[in-house]
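Since each chain sits alone in its own frame, please combine them into the complex, following the hints.
Protein chains in written order, with this note's numbering: chain A, 58 to 197; chain B, 873 to 1027.
It is possible that some hints are incorrect.
Chain A is faced by these chain B residues, among others (derived, beta-carbon under 8 Å) [unchecked claim]:
1) MET884
2) LEU887
3) ARG973
4) VAL975
5) PRO976
6) VAL977
7) SER978
8) ILE979
9) GLY980
Here are the simulated DSS-like pairs of lysine-lysine, each with C-alpha atoms no more than 30 Å apart in a straight line [said to hold, decoys possible]:
10) A/LYS99 with A/LYS88
11) A/LYS103 with B/LYS880
12) B/LYS880 with A/LYS96
13) A/LYS103 with A/LYS88
14) B/LYS880 with A/LYS88
15) B/LYS880 with A/LYS99
Distance windows between CB atoms, simulated [stated by the list, open to error]:
16) A/ALA170 with B/PRO925: 47 to 55 Å
17) B/PRO956 with A/GLY77: 40 to 48 Å
18) A/GLY76 with B/GLY987: 27 to 35 Å
19) A/ILE130 with B/THR924: 39 to 47 Å
20) A/ARG78 with B/PRO955: 41 to 49 Å
The set of hints was computed from the structure by calculation and includes no laboratory data. No experiment lies behind these values; they were computed from the predicted model shown. We put the CB at the ideal spot given by N, CA and C, even for glycine.
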Amino acid sequence: MIRDQLGRAVTFELRKYVGGRWLLDSVFDDKAYAIEEAKVLKERFKSVPAVCVVAVTEEHGEFRESTVFRQSIVDEEPAIRKTVQTRPETAATPANHGAGTAASKPQRRSAWACYLQIAFGLIVVFAVGILGFAALGLLR
Amino acid sequence: MHAPIREKRLTMRALGHWRDAQGERLFPRLADIDPVRLGDDWHNCLLLRLATPVERSRFLHVGRQLCVAAGAPLEGRCLEECPPQTVLAQAASYVAAVIDRRVPVSIGGTTLHEGVQVLYRSILTPLSEDGTTIDAIFGAANYRVAPASDEGVPP
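In isolation and in its complexed conformation, chain B is listed as follows (with noise of 0.2 Å):
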């Protein structure tokens, strides 16, 4: 169906592992996401299992790279209780544009994490088990500190 891409931006290679794992159907399920065939990029993805409110969504996975350093995991903790002022946080922050427009959504700028500004990119993707009703989320995102100066891309 189509040649194999590897391509350079992290949140790109996410939403081609989405994509193939979409085939002809609107949306994969949870479990066509492969941590294996997504390599080292697992480490700055995320999974979500959604609940209503959507504040109730429950983190799945968390890669390493998300993760507060002083943190305590966030595997199975609420979608509120995500560290404000995190990368994690401002990717999470659109869960309800990915529900509500049904696409993935790219989101990227500055931010701060962990007390440092950082450039971020990041993106969500829609998951459902029937086909129809998105119920979990999946998502990367990566960063890097920015530099006083710096007005550039984010990476």
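Extracted from the complex, chain A is given alone in its bound form (with noise of 0.2 Å):
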């Protein structure tokens, strides 16, 4: 167990997103192998599309999570890659210790949420063409 500047342990937890949700996959107490070990993963693993590392740090029994890697198959693309992939370290906020907590959830809007959104635009569109008929058809 490593301890940071305010002497409080912090650990290191390896994180893969495996059919949607994200997966405890292993823990370590220094950052540098934990960020080493998650980009080997993904490299060996094309199946896991997505991993992350999570500082957790343990103060007064309340932990604290930050991501401080995180990697994707959407960062590889060469559009995007030019992202920053180790980033600092986000503002932490106050979670359960453990895998698949809500600070872990990905950010991004999933797909259906689109066609969802696309869906509901058409039904819209094609409500008040059918509104618009039916008011021409009272004005005759």
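See below:
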């Protein structure tokens, strides 16, 4: 167990995105090792679309999490690769200790949300059209 | 499924071996750990058959690099009989964490080994016969003498 500058216990959890959720893969006491292993895991297992390393800090029995590394198949697209893969620690939020917590859910909106939005738009356009025709019928 | 990759660090190679043995399962079995495939790394590896309480767990294998020079062989001996202030004792000190978290855990740092200050890096990984109950541990560790002013990275 290592401690940060404030003397708090810190571990680094390597998590992988499998079956639509983040699963704990392994635990390290060293950030560099965790990130190195995350890259190896991503490279070896093509079925794993995303990996991340989360720093878990324990203080007074409470656990804080912050993502220190994240890599996904999206990051491997040339146009998107320019985005920083090794990020500085983001704002920490209190969260329960363990894998699959809310803090580790993907931030991007899912494809289903986009489809639903498009379908809803089409329904609205169709309804407006019907109402327009009905109004024209009434005016005659 | 994946291309063979030769890791430069022993603990990462041991973890890679565990992942290969794991396949699509949650945990590999004890019999899946292959000393032949591990090659020279086997001398830095340990196998532990878990028992309750965990201190009663028994060593099935302790690589010669982890043995104490003047000590008796540890195979068949309990975890609590592990010589203190050794890399092996340090590596075996977080067996409970592996059982609790049910994933590989890697710890490193400085410790005394046979009276010498060393930098070490270790990893412990869970094994299971039935895929649910963790009944054994596969681990690996290596170390190097820490120079007096060395604050560098463990091996």
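Now the hints, each set against the structure:
no.: 1; hint: MET884; in the structure: 6 Å, holds
no.: 2; hint: LEU887; in the structure: 7 Å, holds
no.: 3; hint: ARG973; in the structure: 6 Å, holds
no.: 4; hint: VAL975; in the structure: 5 Å, holds
no.: 5; hint: PRO976; in the structure: 4 Å, holds
no.: 6; hint: VAL977; in the structure: 5 Å, holds
no.: 7; hint: SER978; in the structure: 5 Å, holds
no.: 8; hint: ILE979; in the structure: 5 Å, holds
no.: 9; hint: GLY980; in the structure: 6 Å, holds
no.: 10; hint: A/LYS99 with A/LYS88; in the structure: 17 Å, holds
no.: 11; hint: A/LYS103 with B/LYS880; in the structure: 21 Å, holds
no.: 12; hint: B/LYS880 with A/LYS96; in the structure: 14 Å, holds
no.: 13; hint: A/LYS103 with A/LYS88; in the structure: 23 Å, holds
no.: 14; hint: B/LYS880 with A/LYS88; in the structure: 17 Å, holds
no.: 15; hint: B/LYS880 with A/LYS99; in the structure: 17 Å, holds
no.: 16; hint: A/ALA170 with B/PRO925: 47 to 55 Å; in the structure: 50 Å, holds
no.: 17; hint: B/PRO956 with A/GLY77: 40 to 48 Å; in the structure: 46 Å, holds
no.: 18; hint: A/GLY76 with B/GLY987: 27 to 35 Å; in the structure: 49 Å, violated
no.: 19; hint: A/ILE130 with B/THR924: 39 to 47 Å; in the structure: 43 Å, holds
no.: 20; hint: A/ARG78 with B/PRO955: 41 to 49 Å; in the structure: 43 Å, holds
Hint 18 alone, counting from the list given before, is not met by this structure.
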